[in-house]
Amino acid sequence: MSHETLSIILFVTFVAATLAITVWASRNTKDATDFYAGGRAFSGAQNGLAIGGDYMSAASFLGIAGLIALYGYDGFLYSIGFLVAWLVALLLIAELMRNSGRFTMADVLAFRMSPRPVRTAAGVSTIVVSIFYLLAQMVGAGALVSLLFGFDSEFAKGATIAMVGVLMIVYVVFGGMKGTTWVQIVKACLLMTGAALIVVLVLAESGFNLSSLLNDAAQQSGKGDAFLEPGLRYGTEEQGLSGKLDLISLGLALVLGTAGLPHILIRFYTVPTARDARKSVMWGIGIIGVFYLFSLVLGFGAAALVGSEEIAAENAAGNTAAPQLAERVGELVFGSAGGTILLAVIAAVAFATILAVVSGLTLASSSSFSHDLYAHVFRRGKATERDEVRVARISAFVIGAVAIVLGIYAQRLNVAFLVALAFAVAASGNLPAIIYSLFWKRFNTAGAVSAIYGGLGSAIFLVAFSPVVSGSEKALFTDSDWSWFPLSNPGIISIPFGFLCGFVGAFLSKEYNAEKYAEIEVRSLTGAGAEVASKH
Amino acid sequence: MSVDKNASGTVYERFQSTTEFQDLRRRVRSFAFPMTAAFLAWYLLYVVLSGWARGFMGKELGPFNVALYFGLLQFVSTFGIAWLYSRRAERRLDPLAKQIREAIEAEEAKAEEDVR
Numbered sequence: 004m005s006h007e008t009l010s011i012i013l014f015v016t017f018v019a020a021t022l023a024i025t026v027w028a029s030r031n032t033k034d035a036t037d038f039y040a041g042g043r044a045f046s047g048a049q050n051g052l053a054i055g056g057d058y059m060s061a062a063s064f065l066g067i068a069g070l071i072a073l074y075g076y077d078g079f080l081y082s083i084g085f086l087v088a089w090l091v092a093l094l095l096i097a098e099l100m101r102n103s104g105r106f107t108m109a110d111v112l113a114f115r116m117s118p119r120p121v122r123t124a125a126g127v128s129t130i131v132v133s134i135f136y137l138l139a140q141m142v143g144a145g146a147l148v149s150l151l152f153g154f155d156s157e158f159a160k161g162a163t164i165a166m167v168g169v170l171m172i173v174y175v176v177f178g179g180m181k182g183t184t185w186v187q188i189v190k191a192c193l194l195m196t197g198a199a200l201i202v203v204l205v206l207a208e209s210g211f212n213l214s215s216l217l218n219d220a221a222q223q224s225g226k227g228d229a230f231l232e233p234g235l236r237y238g239t240e241e242q243g244l245s246g247k248l249d250l251i252s253l254g255l256a257l258v259l260g261t262a263g264l265p266h267i268l269i270r271f272y273t274v275p276t277a278r279d280a281r282k283s284v285m286w287g288i289g290i291i292g293v294f295y296l297f298s299l300v301l302g303f304g305a306a307a308l309v310g311s312e313e314i315a316a317e318n319a320a321g322n323t324a325a326p327q328l329a330e331r332v333g334e335l336v337f338g339s340a341g342g343t344i345l346l347a348v349i350a351a352v353a354f355a356t357i358l359a360v361v362s363g364l365t366l367a368s369s370s371s372f373s374h375d376l377y378a379h380v381f382r383r384g385k386a387t388e389r390d391e392v393r394v395a396r397i398s399a400f401v402i403g404a405v406a407i408v409l410g411i412y413a414q415r416l417n418v419a420f421l422v423a424l425a426f427a428v429a430a431s432g433n434l435p436a437i438i439y440s441l442f443w444k445r446f447n448t449a450g451a452v453s454a455i456y457g458g459l460g461s462a463i464f465l466v467a468f469s470p471v472v473s474g475s476e477k478a479l480f481t482d483s484d485w486s487w488f489p490l491s492n493p494g495i496i497s498i499p500f501g502f503l504c505g506f507v508g509a510f511l512s513k514e515y516n517a518e519k520y521a522e523i524e525v526r527s528l529t530g531a532g533a534e535v536a537s538k539h
Numbered sequence: 012m013s014v015d016k017n018a019s020g021t022v023y024e025r026f027q028s029t030t031e032f033q034d035l036r037r038r039v040r041s042f043a044f045p046m047t048a049a050f051l052a053w054y055l056l057y058v059v060l061s062g063w064a065r066g067f068m069g070k071e072l073g074p075f076n077v078a079l080y081f082g083l084l085q086f087v088s089t090f091g092i093a094w095l096y097s098r099r100a101e102r103r104l105d106p107l108a109k110q111i112r113e114a115i116e117a118e119e120a121k122a123e124e125d126v127r
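Chains A and B, in that order, are what the protein sequence lines are.
For the first sequence, position 379 matches number 382 in my numbering, and the numbering has no gaps at all.
For the second sequence, position 19 matches number 30 in my numbering, and the numbering has no gaps at all.
A couple of the hints might just be wrong.
Capping the alpha-carbon separation at 20 Å, the derived lysine to aspartate or glutamate pairs in EDC-like fashion look like this [as the list claims (entries may be wrong)]:
id : chain 1 : residue 1 : chain 2 : residue 2
1  : A       : K519      : B       : E118
2  : A       : K477      : A       : D228
3  : A       : K519      : A       : E534
4  : A       : K519      : B       : E24
5  : A       : K519      : B       : E71
6  : A       : K226      : A       : E334
7  : B       : K70       : A       : E312
8  : A       : K282      : A       : E534
9  : B       : K109      : A       : E534
10 : A       : K226      : B       : E71
11 : B       : K70       : A       : D228
12 : A       : K282      : B       : D105
Worth flagging that the hints you see were computed from the coordinates, not collected in a lab.
All values reported here derive from a predicted model rather than from experimental measurement.
Sequences and hints are given; from them, build the entire structure.
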């Protein structure tokens, strides 16, 4: 049996299992709390796994292993930013948000501010961030199928994107948060098991000696000791100062963006209490941390056992490093059948990964569209729960359809920068608005609206004039050049700018509601009046 | 709990000014704010050294170089801070938060009774 056939069988099994879960979840999704927040009935450990499932995208699974395999140490630098970021969520956001919000990020802002303007701003930002992220994942799915199955035709890529899109629509429309959370849990378990298996085999090949594995990797890479040091990918000496500033900018966006990503924030609503929200972040940190340690071994293992040249020949960005390593190490340990099986397993896990992440993003954006924009802005809070859930389902369908069309259209474009942009927007607009609302007495509507639009606008503006959009080989538009902003990540400017906008905006308005501030402060810290779990 | 029953304002405003709540607020902030500043500074130091101090980061210390130790220490510090926070929250924050929450709920239940 070829690895393609086996991979398809495994993937179909995953899809069948998750569809069965979705059918079960849809029978148990009765009201808005079930649809948006899974009835708030998940345990800390379950939600922690789901956090891992939502967060560890194909970009971090295939992308980071590939970065390490090609550029050595710098890929590791990337994963550290992704991990440390969780402390922001743990110390400042998770519990307070669970105590003061209901379904969306905007709930926390709308608590003590004028609801329509802040919900509009937060809804727009949620949808923009989620769609950017979603689009990058959809295009990634198309690229993955050609890498793993050798289908190079535009049609095969388009068909894959459409299939991923249809499945994610089904999960979200029928399963809501319950179904989506279980998809994340299953995916997280598969991903951790698959990665652990390869890590053990790679370590066994090197006699469980990490130091000798790293030395082999450095030798195979042809770059020697430099391969184990920072500086081959980010802020290289040829790029000069702007390259190094870009490294800082990327670091800031990674570490501050996570706690502003809407699809991550709504996970805190799926547990019964703030204490469970804390536990879920603890579990999330554990799983994500271990996974990035695994990816260190995967990346250097791929460099040592497959070789950077062979990986770069297969895919210039290194995205095939993990699957190639799976095949090689399987062959080395179990013979050629072992290689086929392991490659098939990793390919199926990669698809499960993409599917789970896009579902989380679709749920976050459709929830915000329905709960924030439809129910509170268009209907001014007069929509019934039934209406809201119906609109959320319709918008999941529409957002999914739009993502399929854009994904197919964008498949020839280089859209990898959209993930970095999503993190930058989340760090520059969403994070200041949330932090100020939770901790700053003087904050108000004008401040929240200025922070979100200021951060969102400046991040998009700077990226539009950066080398990732025009004027470089890897740009979105390679034929013309209108770039003048030298950094590919806007964070170093847009994050302080977002915080500044929120600060200045708040001072320019006299609005201040002492009664509501007392309420959010007492409620967020004590959990009094917090939403409770569903009884059924 | 010393809630001034005659004070004006909502139940939340009255509880906000209690010493218990002020104590809880101080306990939350006195850990979260300095710790956030510390881990962000520690992380930025790592990123800045990766950009500007490559000679230092490339130094061999036993089996690995400084850069790898530094990176692994970021994992250790992240796990460590998370564990410290969680232990502190269980011991110093949760019981006090529960006490205040229950007092607020009791008062709200009583207010509802009075209305009836």
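- Item | Which numbered hints fail | 2, 5, 6, 7
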